[in-house]
Amino acid sequence: KAGVTQTPRYLIKTRGQQVTLSCSPISGHRSVSWYQQTPGQGLQFLFEYFSETQRNKGNFPGRFSGRQFSNSRSEMNVSTLELGDSALYLCASRGALSYNEQFFGPGTRLTVL
Amino acid sequence: AQSVTQLGSHVSVSEGALVLLRCNYSSSVPPYLFWYVQYPNQGLQLLLKYTSAATLVKGINGFEAEFKKSETSFHLTKPSAHMSDAAEYFCAVKGGGATNKLIFGTGTLLAVQP
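Here the protein sequences come in this chain order: A and B.
Taking the working numbering, I'd label the letters of the first sequence as residues -19 to 93.
Taking the working numbering, I'd label the letters of the second sequence as residues 45 to 158.
The hints are simulated quantities; they were obtained by calculation from the structure and are not laboratory data.
All of these numbers come straight from a predicted model, not from anything done at the bench.
Among the clues, some could well be false.
[As the list claims (entries may be wrong)] Now the in silico label distances, taken between C-beta atoms and shown as ranges:
no.	chain 1	residue 1	chain 2	residue 2	range
1	A	Arg35	B	Glu108	39 to 45 Å
2	A	Gly(-17)	B	Ser128	15 to 21 Å
3	B	Leu62	A	Lys(-7)	22 to 28 Å
4	A	Arg89	B	Val73	34 to 40 Å
5	A	Glu62	B	Ser70	29 to 35 Å
6	A	Pro19	B	Pro123	44 to 50 Å
7	A	Ser59	B	Thr99	31 to 37 Å
[As the list claims (entries may be wrong)] Per the computed footprint, the stretches of chain B lying under chain A, defined by three or more beta-carbons under 8 Å from a beta-carbon of chain A, are:
no.	stretch
8	89 to 97
9	137 to 151
[Unchecked claim] Here are some chain A residues the structure puts well away from chain B; computed CB gaps all over 10 Å:
no.	residue
10	Leu1
11	Glu28
12	Leu90
We treat Cβ as the ideally placed atom computed from N, Cα and C, and that holds for glycine.
Okay, chain B solo, but in the shape it has when bound (with noise of 0.2 Å):
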């Protein structure tokens, strides 16, 4: 069964600072992966997307993100945080099968210190 796992509910970084969310996935199937941020009161909006075309996947707003198949992970990154940033990220993975629905980790709140 597929699952993915956020290490970190919360993490806080200064403004200007890297930016890394841990997600780590389990799939009985090559995975199709993604990250989605939430800002309050909002919906999902995704930042990018892992279909096996390339390991290294980048995003809207700066963010990328690394597919490592031996370490299961698929971390997202920003090499310079923004106070826009603060918001809520989620991992998640698609179920397998014919199956279209996603399985979203528990997620991640990113703070920004100025």
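Next comes chain A alone, as it looks inside the complex (with noise of 0.2 Å):
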């Protein structure tokens, strides 16, 4: 079974850019959940989605935003970027029977000059 993808894998941009990135879950999984990850603040939880809802949304401005279609995949999107968004969003699917364990992809590092 193929893992978790996410593309594009690393992206440049620059301040006041928004973004869009792209997560594929494992196939049959449902659930799709994003994390931002900084030296300073470490991991945070964004978003969680599952069947195309938003069932939770971490402490973060309403720039970051996401959905998730049909097929499961999700995308998340942050508009008017600033220098303190750069770091690696990494997207994570859970299956309906696997106690909570989340797959990881490998990550997007955006980096925002």
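Join these two chains into a complex; the hints should help.
Shown next, in the form of structure tokens:
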């Protein structure tokens, strides 16, 4: 079974731009979560989607948004990028019978200049 | 509220020595606890998980962890370190309620000396 895939792997943007990151979960997984990883703040939860519905959202400004499609693929968008948004963005998927075990993708490294 | 604390941001051991990475948790409900490993420029890989079935949990790559409720701990151990174990290790707890979000500790960077 293919793992979680994230595209692109690396991205460079400038302040004020917007960016869209994509995540394809493991086949059959309907739950997708996003996390931000930075040296200063560590790993922080962004949002969780299940069957196209946002179930939970972390403590991030409204510039951070996401969505999930009917095939369970998910995207997250960050508008009006700030330098502090530079981070590794990780996507994780979860199956129905996996005892909350989440499988992580390789991440997208976003650099904001 | 759920939280985890990892003691020691950097741990260095010699190859063949015992690995002990510490994690203490705080949870208002019986916790689901996890250890993940992250190699450079990669995502997180699950090492093991505690879901109340057994207090001693065996994971991949020879790692294991023991859940101790009285000490609110879930320390990760491996009897003999290998050079390939050098990585960053994260302890995590599932958030409370219906959410599946994971709350991570700050991580422990493990160095293995030859």
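| Is the nearest CB of chain B more than 10 Å from the CB of A:Glu28? | Answer for A:Glu28: violated, closest chain B Cβ roughly 6 Å.
| Do the Cβ positions of A:Gly(-17) and B:Ser128 conform to the proposed distance bound of 15 to 21 Å? | holds, 20 Å
| field | Minimum Cβ distance from A:Leu1 to chain B greater than 10 Å, as the annotation requires | value | The assertion about A:Leu1 holds, with a minimum of 13 Å to chain B.
| query | Honestly, do A:Glu62 and B:Ser70 meet the 29 to 35 Å range at C-beta? | reply | holds, 32 Å
| field | Distal placement of A:Leu90 relative to chain B, Cβ over 10 Å | value | holds, 14 Å
| field | Outcome for the supplied range 39 to 45 Å, where the beta carbon pair is A:Arg35 and B:Glu108 | value | Given about 32 Å between the Cβ atoms, the range is violated.
| Can the stretch 137 to 151 of chain B be counted as covered by chain A under the rule of three residues or more with Cβ-Cβ separation shorter than 8 Å? | It holds, with 12 qualifying residues against the three required.
| request: Examine the stretch 89 to 97 of chain B for residues whose CB is less than 8 Å from any CB of chain A, and state whether their number is three or more. | output: Holds, because 4 residues of the stretch 89 to 97 of chain B bring their Cβ atoms closer than 8 Å to Cβ atoms of chain A.
| said: The hint says 22 to 28 Å between B:Leu62 and A:Lys(-7); measuring C-beta to C-beta, is that right? | reply: violated, 45 Å
| query | Does the hinted range 31 to 37 Å hold for A:Ser59 and B:Thr99 at CB? | reply | For B:Thr99 against A:Ser59, whose Cβ atoms are near 46 Å apart, the range 31 to 37 Å is violated.
| said: Verify the CB-CB distance for A:Pro19 and B:Pro123 against the hinted window 44 to 50 Å. | reply: This hint is violated: roughly 31 Å between Cβ atoms.
| message | The hint says 34 to 40 Å between A:Arg89 and B:Val73; measuring C-beta to C-beta, is that right? | response | holds, 35 Å
Consistency note: the structure conflicts with the earlier hints numbered 1, 3, 6, 7 and 11.
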